[in-house]
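If you want the building blocks of each chain, they are given just below.
Number of protein chains: 2
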Amino acid sequence: MAEEVSNKQVILKNYVIGYPKESDMEIKNSTIKLKVPEGSKAVVVKNLYLSCDPYMRSRMRKMEGSYVESFTPGSPITGYGVAKVLESGDPNFQKGDLVWGMTGWEEYSIITPTQTLFKIHDKDVPLSYYTGILGMPGMTAYAGFHEVCSPKKGETVFVSAASGAVGQLVGQFAKMLGCYVVGSAGSKEKVDLLKSKFGFDEAFNYKEEQDLNAALKRYFPDGIDIYFENVGGKMLDAVLLNMKLHGRIAVCGMISQYNLEQTEGVHNLFCLITKRIRMEGFIVFDYYHLYPKYLEMVLPQIKAGKVVYVEDVADGLESAPSALVGLFSGRNIGKQVVIVSRE
Amino acid sequence: MAEEVSNKQVILKNYVIGYPKESDMEIKNSTIKLKVPEGSKAVVVKNLYLSCDPYMRSRMRKMEGSYVESFTPGSPITGYGVAKVLESGDPNFQKGDLVWGMTGWEEYSIITPTQTLFKIHDKDVPLSYYTGILGMPGMTAYAGFHEVCSPKKGETVFVSAASGAVGQLVGQFAKMLGCYVVGSAGSKEKVDLLKSKFGFDEAFNYKEEQDLNAALKRYFPDGIDIYFENVGGKMLDAVLLNMKLHGRIAVCGMISQYNLEQTEGVHNLFCLITKRIRMEGFIVFDYYHLYPKYLEMVLPQIKAGKVVYVEDVADGLESAPSALVGLFSGRNIGKQVVIVSRE
Numbered sequence: 001m002a003e004e005v006s007n008k009q010v011i012l013k014n015y016v017i018g019y020p021k022e023s024d025m026e027i028k029n030s031t032i033k034l035k036v037p038e039g040s041k042a043v044v045v046k047n048l049y050l051s052c053d054p055y056m057r058s059r060m061r062k063m064e065g066s067y068v069e070s071f072t073p074g075s076p077i078t079g080y081g082v083a084k085v086l087e088s089g090d091p092n093f094q095k096g097d098l099v100w101g102m103t104g105w106e107e108y109s110i111i112t113p114t115q116t117l118f119k120i121h122d123k124d125v126p127l128s129y130y131t132g133i134l135g136m137p138g139m140t141a142y143a144g145f146h147e148v149c150s151p152k153k154g155e156t157v158f159v160s161a162a163s164g165a166v167g168q169l170v171g172q173f174a175k176m177l178g179c180y181v182v183g184s185a186g187s188k189e190k191v192d193l194l195k196s197k198f199g200f201d202e203a204f205n206y207k208e209e210q211d212l213n214a215a216l217k218r219y220f221p222d223g224i225d226i227y228f229e230n231v232g233g234k235m236l237d238a239v240l241l242n243m244k245l246h247g248r249i250a251v252c253g254m255i256s257q258y259n260l261e262q263t264e265g266v267h268n269l270f271c272l273i274t275k276r277i278r279m280e281g282f283i284v285f286d287y288y289h290l291y292p293k294y295l296e297m298v299l300p301q302i303k304a305g306k307v308v309y310v311e312d313v314a315d316g317l318e319s320a321p322s323a324l325v326g327l328f329s330g331r332n333i334g335k336q337v338v339i340v341s342r343e
Numbered sequence: 001m002a003e004e005v006s007n008k009q010v011i012l013k014n015y016v017i018g019y020p021k022e023s024d025m026e027i028k029n030s031t032i033k034l035k036v037p038e039g040s041k042a043v044v045v046k047n048l049y050l051s052c053d054p055y056m057r058s059r060m061r062k063m064e065g066s067y068v069e070s071f072t073p074g075s076p077i078t079g080y081g082v083a084k085v086l087e088s089g090d091p092n093f094q095k096g097d098l099v100w101g102m103t104g105w106e107e108y109s110i111i112t113p114t115q116t117l118f119k120i121h122d123k124d125v126p127l128s129y130y131t132g133i134l135g136m137p138g139m140t141a142y143a144g145f146h147e148v149c150s151p152k153k154g155e156t157v158f159v160s161a162a163s164g165a166v167g168q169l170v171g172q173f174a175k176m177l178g179c180y181v182v183g184s185a186g187s188k189e190k191v192d193l194l195k196s197k198f199g200f201d202e203a204f205n206y207k208e209e210q211d212l213n214a215a216l217k218r219y220f221p222d223g224i225d226i227y228f229e230n231v232g233g234k235m236l237d238a239v240l241l242n243m244k245l246h247g248r249i250a251v252c253g254m255i256s257q258y259n260l261e262q263t264e265g266v267h268n269l270f271c272l273i274t275k276r277i278r279m280e281g282f283i284v285f286d287y288y289h290l291y292p293k294y295l296e297m298v299l300p301q302i303k304a305g306k307v308v309y310v311e312d313v314a315d316g317l318e319s320a321p322s323a324l325v326g327l328f329s330g331r332n333i334g335k336q337v338v339i340v341s342r343e
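If you're matching them up, the sequences are chains A and B in order. Everything in the first sequence is counted per full-length UniProt numbering, starting at 1 for the first residue and increasing by one. Everything in the second sequence is counted per full-length UniProt numbering, starting at 1 for the first residue and increasing by one.
Since the hints were derived computationally from the structure, they do not count as laboratory data. None of these values were measured; they are calculated from a predicted model. Please note: incorrect hints may appear among the correct ones.
Because identical chains share one entry, a pair is satisfied inside a single copy or across any pair of copies.
[Said to hold, decoys possible] Derived pair list, reagent style DSS-like, types lysine-lysine, alpha-carbon separation capped at 30 Å:
1. Lys234 <-> Lys62
2. Lys35 <-> Lys197
3. Lys303 <-> Lys234
4. Lys244 <-> Lys234
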């Protein structure tokens, strides 16, 4: 008989309307047998780091036909994480391997299917980075910027939610290419970080701007070539007015809209015509074939200190609901991670 | 001394707010010397056919930095037309040439610069076609569909304002490629035309649909690959909900919004992400280098009766204000043309 151990879990109590609250989740003590089920190719893992990501909001409501499935009320939340393999029914993974991919918000998980798991080879970096710069958000920034935005040296780039898990990297990748980069964020601390830590040319606190259009005109007197869209709503409307001819908008997220029962309308889409703008939504799933190429680029940059990554780390599974909820008020500074266990 | 002749003109009295009215324009009797000004490379033309196009609405307001200039209140409206050269200061044009391009809403015009004029070589087709299928709207349909939509045989295509100058051609080009094509229009007569004359697979009257989303689901149970956008607003919102993964939206116009002081907001842009949609605005100006290729394709199709074109012809310059205003209530059936003179 396999050892049965206690397994703390973060349960979504019910589908959420409006802004999610900590009380939409609960911590539950369960038990788990640390054993691959008979005949299964599952892997049994111990979860180390969990990732709080904005797209998870959409999974908190009942949806049909979306690109991700809704969470199941009464069951643990699932999401990206870093985990250690305890036992494997899949020949691609061995006991002791470190992996990142879709796992459960709990101490131990039985993961099946295993196709979404990536084996971690390079451990000379903080393991938590595999929830961020070396995981889904990193690939999102890389693919979104390089594949969707068609950037060229010298172009002007605007990034919203710029200190977040993805935004801080888009800005750094754009600087590496020789672009002029401006970011927006929601606090003085974040704005300072953009300029002092991530090397953005300029940054502003959107909450302090009466007129976003005027703010963008101040930083982009000749217009914006590339907008990396993380927020939607009013910011998108202001950006549309400030795009250059043949500008590109990579639509990565629209976090300002996720908790609204009625989204804000976007009024300036006519600019797409007059300025011949390409606006393109993307999802990182479609770009994971580029992951090895991305690692090859980014790992040496990290080790050389040329690309930096700021994380906001919450300690313990009990702090996970608060960490997740905090994303939607912008409480986190940098990538929001939850430590379940350090090893 | 050159002959001075009377020259009836259509004058824009003032910038227009809201829906344009006939009374925003006036017919004025002026005079003109039919002579190329000394030292100028202008051409003097007699206007034959004038084109009423939705984009002209934007020129009726004061704008800065748009892709077209505002009209000048007190001066004749300008727009695309077909004209006969009476005298030329440009060696590329000779007396007697037929041309199409930017001209004035008047009997005679002195056109300078002449770079926007195309010489008409094939006269075995109705000359008015050079304001439509063989002119700007034809190139718009061709470039918008083939260059912006990246269409493939078998894909599903939706066209709004489908019986209009551009829409009727997009539908026919899509059918030629082997697509499934549905169009929307604003009257039973137009809907009948789409099916009986232009070969659309299906068509519907958007004014009779309580729920545009439901209407689109009825005609596209598996979703829309390509949307050729002519109207904007609520239709765009409904389309976004019905796009397929990796769908494409070519944004040609948003006529439903042109006369509103506050445009309708578009609420479903989040679908751009979940469905990885590319939405791209375009303007025909960028594609005129393809005009010879387009003529080579479309002229034989017209002569063989395989591509048809429906025009709504208003007779006489006096009828031009009413014809132009009619565009914005959808009064025209097909391409709206004004005959100034038949030769």
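Item checked: Index of numbered hints that the structure contradicts, given in increasing order -> Of the numbered hints, 2 and 3 do not hold.
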